[in-house]
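*Asks:* Full structure from sequences and hints, please.
Here the sequence shown stands for residues 1 to 139, numbered as in my numbering.
Simulated from the structure, these hints should not be mistaken for lab results.
Okay, the calculated beta carbon distance ranges per label pair:
no.: 1; residue 1: Gly-137; residue 2: Gly-54; range: 38 to 48 Å
no.: 2; residue 1: Leu-52; residue 2: His-116; range: 24 to 34 Å
no.: 3; residue 1: Thr-113; residue 2: Arg-12; range: 41 to 51 Å
no.: 4; residue 1: Phe-43; residue 2: Leu-136; range: 16 to 26 Å
no.: 5; residue 1: Leu-136; residue 2: Ala-8; range: 37 to 47 Å
no.: 6; residue 1: Lys-78; residue 2: His-17; range: 21 to 31 Å
no.: 7; residue 1: Asp-135; residue 2: Arg-23; range: 14 to 24 Å
no.: 8; residue 1: Lys-78; residue 2: Tyr-119; range: 14 to 24 Å
no.: 9; residue 1: Thr-128; residue 2: Ala-26; range: 23 to 33 Å
no.: 10; residue 1: Leu-27; residue 2: Leu-136; range: 13 to 23 Å
no.: 11; residue 1: His-11; residue 2: Ala-139; range: 51 to 61 Å
no.: 12; residue 1: His-11; residue 2: Ala-55; range: 29 to 39 Å
Quick reminder that beta carbons are idealized off the backbone N, C-alpha and C, glycines included.
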Amino acid sequence: MDDGFDLATFHRLDIDHGLTAARCLALGRAIGSYPQDVKVAVFGTGGMSHRLAGARAGLINPEFDRMFLRAIESEPEKLAALTREDYIREAGTEGIELIMWLVMRGALSDRITRIHDTYHVPASNTATALALFEDLGEA
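*Replies:* In structure tokens:
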């Protein structure tokens with residue numbers, strides 16, 4: 001602490017909630033509202049639908065994944081309205097990672113164009129996707 005550094009440690013941490021999809025979109029919009037004109041690259045990461053363990057192990061839902069990829073481009077509010085339970089039911093427990101894509105989408109304006117996308121099943125035990133968007137800025 002004498003050098004201005006205090007390593008925080010804990011022995012037990014109970015978290016009773018996580019980020020919602022709506023909160024992720026709002027975080028991205030806050031980032032996108034930065035007042036200065038700067039060039040940045042924003043990445044949304046996380047596996048597509050997948051479940052690694054339990055009764056539904058091996059779950060991959062290509063229909064949900066494709067809907068997600070369409071909606072992330074044109075209807076992010078639709079994805080933000082889904083609950084964590086909706087994501088887990090449709091995309092598996094690990095598919096909840098998809099909400100992180102909403103941070104990226106929220107940072108972009110409403111006017112975007114898709115440059116490239118790809119979707120592949122399976123990559124290991126998960127579907128994978130890549131979507132590249134160009135932000136066209138506000139009208």
